[in-house]
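Keeping the supplied structure of chain F fixed, place chain R upon it in accordance with the hints.
Below are the chains, spelled out letter by letter.
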Amino acid sequence: MPILSVEKLQTQLATSEGLITPVDEVSLSLKRGETLGVVGESGSGKSMLALSLMRLIPNPPGRIVGGKVLYRHDEADDPIDFLKLSDEGMRKRRGKNIAMIFQEPMTSLNPLYTIGDQIGEALAIHDGKDRSSIRGRTLELIDLVGIPDPKHRIDAYPHELSGGMRQRAMIAMALSCNPDILIADEPTTALDVTIQAQILELMQRLQRELHMAMMFITHDFGVVAEIADRVMVMYAGQVVESGTTKEIFSNPKHPYTQALLSAVPVLEVRPDRMKLTTIPGTVPPLSKLPQGCHFQDRCPKVQQKCRKEEVPEDPCGIGRLVRCFYAR
Amino acid sequence: MPGNPLVQLEQVIKTFPLRKGWFEKEKGNVHAVNGVDLEIFSGETLGLVGESGCGKSTLGSLILRLLKVDSGAIRLDGRDLTELNRKELFALRRQMQVIFQDPYASLNPRMTIGETLCEPLIIHRLGSKQDREARVDELLRLVGLSPDVGSRYPHEFSGGQRQRIGIARALALNPKLIIADEPVSSLDVSIRGEVLNLLMSLQERFGLTLLFISHDLTVVQHVSHRIAVMYLGKIMEIFPAREFGSARHPYTHALVSAIPIPKPEHQKKRIILQGDVPSPVHLPKGCVFHPRCPYAEPRCREEEPKLVSINGGHKVACHYIAKMPTVAEYFPGAST
Numbered sequence: 101m102p103i104l105s106v107e108k109l110q111t112q113l114a115t116s117e118g119l120i121t122p123v124d125e126v127s128l129s130l131k132r133g134e135t136l137g138v139v140g141e142s143g144s145g146k147s148m149l150a151l152s153l154m155r156l157i158p159n160p161p162g163r164i165v166g167g168k169v170l171y172r173h174d175e176a177d178d179p180i181d182f183l184k185l186s187d188e189g190m191r192k193r194r195g196k197n198i199a200m201i202f203q204e205p206m207t208s209l210n211p212l213y214t215i216g217d218q219i220g221e222a223l224a225i226h227d228g229k230d231r232s233s234i235r236g237r238t239l240e241l242i243d244l245v246g247i248p249d250p251k252h253r254i255d256a257y258p259h260e261l262s263g264g265m266r267q268r269a270m271i272a273m274a275l276s277c278n279p280d281i282l283i284a285d286e287p288t289t290a291l292d293v294t295i296q297a298q299i300l301e302l303m304q305r306l307q308r309e310l311h312m313a314m315m316f317i318t319h320d321f322g323v324v325a326e327i328a329d330r331v332m333v334m335y336a337g338q339v340v341e342s343g344t345t346k347e348i349f350s351n352p353k354h355p356y357t358q359a360l361l362s363a364v365p366v367l368e369v370r371p372d373r374m375k376l377t378t379i380p381g382t383v384p385p386l387s388k389l390p391q392g393c394h395f396q397d398r399c400p401k402v403q404q405k406c407r408k409e410e411v412p413e414d415p416c417g418i419g420r421l422v423r424c425f426y427a428r
Numbered sequence: 501m502p503g504n505p506l507v508q509l510e511q512v513i514k515t516f517p518l519r520k521g522w523f524e525k526e527k528g529n530v531h532a533v534n535g536v537d538l539e540i541f542s543g544e545t546l547g548l549v550g551e552s553g554c555g556k557s558t559l560g561s562l563i564l565r566l567l568k569v570d571s572g573a574i575r576l577d578g579r580d581l582t583e584l585n586r587k588e589l590f591a592l593r594r595q596m597q598v599i600f601q602d603p604y605a606s607l608n609p610r611m612t613i614g615e616t617l618c619e620p621l622i623i624h625r626l627g628s629k630q631d632r633e634a635r636v637d638e639l640l641r642l643v644g645l646s647p648d649v650g651s652r653y654p655h656e657f658s659g660g661q662r663q664r665i666g667i668a669r670a671l672a673l674n675p676k677l678i679i680a681d682e683p684v685s686s687l688d689v690s691i692r693g694e695v696l697n698l699l700m701s702l703q704e705r706f707g708l709t710l711l712f713i714s715h716d717l718t719v720v721q722h723v724s725h726r727i728a729v730m731y732l733g734k735i736m737e738i739f740p741a742r743e744f745g746s747a748r749h750p751y752t753h754a755l756v757s758a759i760p761i762p763k764p765e766h767q768k769k770r771i772i773l774q775g776d777v778p779s780p781v782h783l784p785k786g787c788v789f790h791p792r793c794p795y796a797e798p799r800c801r802e803e804e805p806k807l808v809s810i811n812g813g814h815k816v817a818c819h820y821i822a823k824m825p826t827v828a829e830y831f832p833g834a835s836t
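Same order as they appear, the protein sequences are chains F and R. Under the working numbering, think of the first position of the first sequence as 101, with each following residue one higher. Under the working numbering, think of the first position of the second sequence as 501, with each following residue one higher.
This is chain F alone, in the form it adopts within the complex (with noise of 0.2 angstroms):
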């Protein structure tokens, strides 16, 4: 039974160029220890899906338009439609069962606040807990992410950190109130490669001993094939293909995941330089999007159909989402 299952979602953004649908009719569900690997080039409206799950969008100017997100904490339990609750209702829920992990540590810590303020915020706001027992709370947090000599660091501010500490800390903030949910959006992009490991490493063990569902958003395939168990690629504000992780990997439908997997360059020892395998043309923006498929202008398989109807989730009765009219 999924913790969370996403029916439809849409979210629109009003800009100076009309109005645009970053996140068009997503669906997908999560379990709870199951990794789902969210993953896409910039504009392809990944990030903007985390935010419509969180209820985070800024209104204006962006608007949920449709859709459901349905939580449910057991089994037996009634699920609750984020999108239904009250503001006020969702601030309940922000932190305690979906929380969320953001790309830039510097940016999104507070920096005239102690790691330790940051992360023990959200015990007091959720648990009411008196000083004491959040400051015990907060070191056992800081040691679970691994920064070491907690007692010291608990008073430390963003800037005495480095960028993996700072994540560490963030991963703390997040994981205060024993969240079901943990989206986690680019969290390892601005780090270095090996603190990248680190970090992966970390929310690989965090999730197996907590049991959470992960949702990991990735422009990074390399990352996709380490972490996650299932796997949807967005382009355009669609999620053009999903599956588990090994059949994206090993028998991609949709041309466009075809086409990136083999644009990714893969380490290996090879007698010369070679030219790289590359996708011709640029996502489209939002704005000006055609008609029919979105990556109809850069897709090998194009024909008259694809540029007249809009693709519906499976049309080639594949089994599972692939967004093409003439996948094989």
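Hint data in this document are derived by calculation from the structure and do not stem from the laboratory. Hints are supplied without guarantee of correctness; some may be wrong.
Residues from chain F that keep clear of chain R, each with C-beta distances beyond 12 angstroms, as calculated [what the hints assert, rightly or not]: (1) L113; (2) R172; (3) D177; (4) G417.
Part of the chain R face toward chain F, derived, beta carbon under 8 angstroms [unchecked claim]: (5) S658; (6) S685; (7) V689; (8) G693; (9) E694; (10) L696; (11) L717; (12) L755; (13) P762.
Think of the CB as a built atom: it goes at the ideal place given N, C-alpha and C, for glycine as much as any other residue.
Chain R only, in chain F's frame:
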């Protein structure tokens, strides 16, 4: 190896004073580049890879003489750049150009693309107005853009197109050396390949020498002839890219094993380095890598290893290199 060394670095050292407090007192030094010996051969791409703060960009700026060395020599075509006066330097600058990381920040938003590309020609007083206009058209064609875009402004272009314009600007003066500092790091995967392919084909066409600076070993390994791995201001290992499998410095291993491989079935042993890169203000004694090195011995804490040749062009700085496994042995997945 193609050609003679175009660039030679000898024991190059660069430190920056660290100032703190109200009166900006000097509180020690940041050791950015810490005794680097390096050669870049004519016509090759040398990939310089390392994590943030390792000094790779500082090294690039030193070669361009945007920064002055504290000590050591940098020679371009045999002439020591560190000793040139302003006038000599001005003439020599024509031979070296740079491509920056951020194509949004490195183009002047108030200048048309044509003006941007024309500027180096005006500064160096090359050709008549007509010649310059023709050159701008030619440059735009070279990088795969239509000459009509010359009258447009940077904001009208995508990231990939802007980086093409950055490449055109670097080519304007027919330089011998181009330093590309993280040229594709801010681009999406689907755009990255095109820019890299363009860079490689222009290099072959004009016989350019390229210093390709990046934090991404995968990209470096794709485009380079030789690879230099840098850590805390030092070169740890240099090897021909085709001999990537025989790389054997423990830091190179750690870098390789930290890179996520886009193959889920691929199981690999992984060395996860503990801790962060030490501060370049207080460099570790002995080998700078020893605090994070899984193989460190007492000697590594005392004595600094020299960069020595172990096999032709393959040089390593490690006391115990004979004991280290190669990347291919240790990480079979890397060699397919």
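| Going through the earlier hints one by one, which of them does the structure break, listed in rising order? | 6
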